[in-house]
Amino acid sequence: MTFKYVKHALLLATVLAAACGGETVETKPPAVAPPKPVPAAPAAEADPLGPRPNVDPPPPFTPPAPAVFRTANGMTVWLLERHALPMVAIDVALPIGSASDPAGEGGLAWATANMLDEGAGSRGALELARAVDQLGASLSATAGTDRSGVSLFVLKRNLAPAFDLLADVVTRPRFDATEWKRVHELWTNDLKSRTRDPRAVASVVASAALHGADQPYGHPVSGTLASAAKIDLARVKRFYQANWRPDQATIVAVGDVTRAELTAALDKAFAGWKAPAAAPAAKAAPAAEPKGARSRLIVVDRADAPQSQITIVRPGPTVSEPDAVLADRANIALGGSFTSRLNLDLREEHGWTYGAGSRVSAMRQAGTIGLSSAVHTENTGDAVKAMLNDAEVYATKGLTPAEVDLTRMMARVDVVQAYEHVSSTATLLGNDAALGLPATYEAEAALRRDSATKADLDRVAQRYFHPKDAIVVIVGPQAKVLPQLAQVEGLPKPEFFDAEGNPRAAK
Amino acid sequence: MLGKRFALQGVLVAALGLVTGTAAADGISIPHAVHKLKNGMTVILSEDHSLPLVAVNVSYNVGSRFEAPKRTGFAHLFEHLMFMGTKRAPTGAFDQWMESTGGSNNAWTSEDRTDYFDVGPKTILPLLLWLEADRLRDLGPLMTKKKVDAQREVVRNERRQTGENTPYGKVEFRLPELLYPEGHPYHHPVIGSHEDLEAATVEDVKEFFATWYDPANASLVVAGDFGPAETLDRIKTYFESIPSRGAPKDPKSPGFPEGASSLKTVVRETLEDEVELPKVIMAWQTPKHFAPGDGELDLLGNVLAGGKASRLYKALVYEQKIAQSVEAVQQSGTLGSRFVVGVLARPGVPLERIEKAIDAELQRARTKPVSAEELTRVKNVVETDFVARLEGVQQRASILNMYQAEVGTPDYAERDLERYRKATADGIRAVAEQWLRPDARVILRVVPKGKKP
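Protein sequence lines correspond, in order, to chains A and B. When you line the first sequence up against the numbering used here, it's residues 9 to 515, in that order. When you line the second sequence up against the numbering used here, it's residues 984 to 1436, in that order.
It should be emphasised that the hints constitute simulated quantities derived from the structure, not laboratory data. Some clues are possibly wrong.
[To be verified] To be clear about the criterion: a stretch of chain B counts as covered by chain A if any three or more of its residues have a C-beta under 8 angstroms from a C-beta of chain A, and this derived list gives those stretches:
id: 1; region: 1088-1099
id: 2; region: 1103-1115
id: 3; region: 1147-1159
id: 4; region: 1183-1192
id: 5; region: 1332-1346
id: 6; region: 1382-1390
[Claimed, not checked] Once the Cα atoms are required to be at most 30 angstroms apart in a straight line, the calculated DSS-like pairs of lysine-lysine come out as:
id: 7; chain 1: B; residue 1: Lys1247; chain 2: B; residue 2: Lys1070
id: 8; chain 1: A; residue 1: Lys200; chain 2: B; residue 2: Lys1130
id: 9; chain 1: A; residue 1: Lys501; chain 2: A; residue 2: Lys200
id: 10; chain 1: B; residue 1: Lys1070; chain 2: A; residue 2: Lys245
id: 11; chain 1: B; residue 1: Lys1247; chain 2: B; residue 2: Lys1351
id: 12; chain 1: B; residue 1: Lys1053; chain 2: A; residue 2: Lys200
id: 13; chain 1: B; residue 1: Lys1189; chain 2: B; residue 2: Lys1053
id: 14; chain 1: A; residue 1: Lys200; chain 2: B; residue 2: Lys1291
For glycine and all other residues, C-beta sits at the position ideal for the given N, C-alpha and C.
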């Protein structure tokens, strides 16, 4: 199947109010007192569609806050009941992710999470997978930058046996040496394959350059070939013991389950999980200033590529800063919608790309603003220039009144849609819990996002979207793109990186 | 009114018997009502008031298999052009008006169909319907070279981004050409060739619109939070006066018998690509969507490669440690389907060895019924996925139109699910034996650049 646009690449925003006026088919006003009789003109045919319908403002929607309580063994529970369909989604959220990987051991949190379902409790890896399938359930464990977790989706009638499997995975992983050998080999091969994927390479290089490869947010969640080679099973076990503990866990449940049912299931399945006496590990903090907070141009050679992957990054707000939700809303007009400035400019106006956009990644102790597009190689210089210019104009001149309205409307409906599926709701709430945000966060954020004024949005646009200190990363054919980049005014001299985020000499 | 209305109890009535040994399940249905407009357009309304959202899905019975010679990629290029404006909603306005009132949209084109979908707050529904009616009514005659050129470049970049510059992306270009003979409607990839995209003219666009974008060739679904009586009135006001020339004739597949593969030998090819690990893809022509065997092949795909406990994963990744990942899937189409097995090799493992290991598993599937435990397992996985897919308004709207297009009625969820419930171990074996023949298939290899033997 082939789409109008790819949503994640997407990115889109708004055109001006004047252009919104649009044309309608007009009927001419009757002439007043004609000097002499003329044959009646045929009446202009009425437009069967009539004028464009007015759209009333959407009804208010306040994200529902989950009920919060604790279990006997010290886990926090967030429960959002929804009984329309007989299904339940669970997200077990832990506040430790790749930002807590020890220096040089990038990927440790990720590898640890990945080992949880490779045999747990009384079952080996394959037996466990069979048992999950037998229930028609899905169960997966993984880590992100600031969190680790296990998610479960199951029909209500199979909730009890699924809970037993979930508890095995979270509290009784086997960490078998044979399984580790296989997982480590697959992991290494995937990291090698990543070096051939231009979008993944751009992301690895941009994070390393912006945060510093040795800093908490500077390495990929799944690590690098160098760091993966250093991680062994003993390190994984120690990381699990230090971080996967009930007093750090939040169990998010969304769907067709009551508090009584959930409590009974949790007390039965998780009763044996106790927190160690030692205090939980501290969450790693990055260096005060992102290392890359200055203008740079980085090129990763991908000889013969038909397109250049362009990524432009600069520091953004942390998740707990009030500006995070405002930046998220302001981003809609720069690159977070189909009609955004970047997409209309690069795609609809020039045809240089299938899509251009931007996004805000607000993490616990750092944030990133990222602009990206994959453009035809011959348009690389033009596209970089246009992206930098669009961001600069946006930051210095602020939003148009039409954009202020657009971002309010799109942000509102995004919130409603986030609550459409029990699984996406559980993931959203699990992320909040892992980041240390309150259960009321989504409701508060929606209110703040919705009530932001043009002045508020202009201020965050100026603070976060100006590209003067941005890092421009190009993954493309070096020989073809360097002459084009040399023509873009204001770009610094190029530096050259490999696909794993390390500086290297020019070829 | 052709359809029937279900009692509204939540979004759908579902109580599945998904634990081994329990009694058979109750029914499953998506509440909806069907109406036929005077011009032949089908209208399907599906209410659900659980969130203040509404989705619109307009499906046209035209895809890449309807394209004229030397015009590959045209149906999809046309899909992009459907956003390029009319007198009432000039270029850019469709997206702009929609997004500025909280809506969003996208569209997709397959070999068989083109699907446009919009979603937004409940209050946006009149605008969504007005915009969809406007472009169906007027878009074609107002096409210009400037509009065609703009989207031609976008689509060529889509081809580069999703295929040429993505590891293994070229498989989707080449596989259909190897699997179906020249002249077969599925012979070329949906996105088409650069050369044909370059050659498309404004006249082609106008003719395509006049032929295929007819109300009698379209089906409109509204799903979500709306009042059905008022919505039906509005739909009649906007759509019913659009004249129809009658539903166009589906060209089908002239000269190709249904129910048999046109492949008679093993077709082999090796592609070079910017990849790290070599890959083997095997493909067969298989029974069309909803035909006998189609559901069995869905289940077999799961038996072979659905998760860690599946046969190919267990044998190739887990035990023999020769593969990095495995996939097996029945991709169902209106004229015919394809069953595709893909295996990524671990470094240094010859592809001959991978092929032998796949063949051993396929031979087992052809000769011995799957175990009772495997059958229960994959049925439960497929059934849960089925229910989960019905959760969002956009997906429900899309599924209702899929049933309408493929089987002529949106009221098919229960019968669709029945196909899986009724499948037997020996039925799966028989389908594998009949369709997944070792001597009539495509074997496509992808190897790192410069490694072609």
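Output the numbers, in ascending order, of every earlier hint that fails for this structure.
4, 5, 6, 7, 8, 10 and 12
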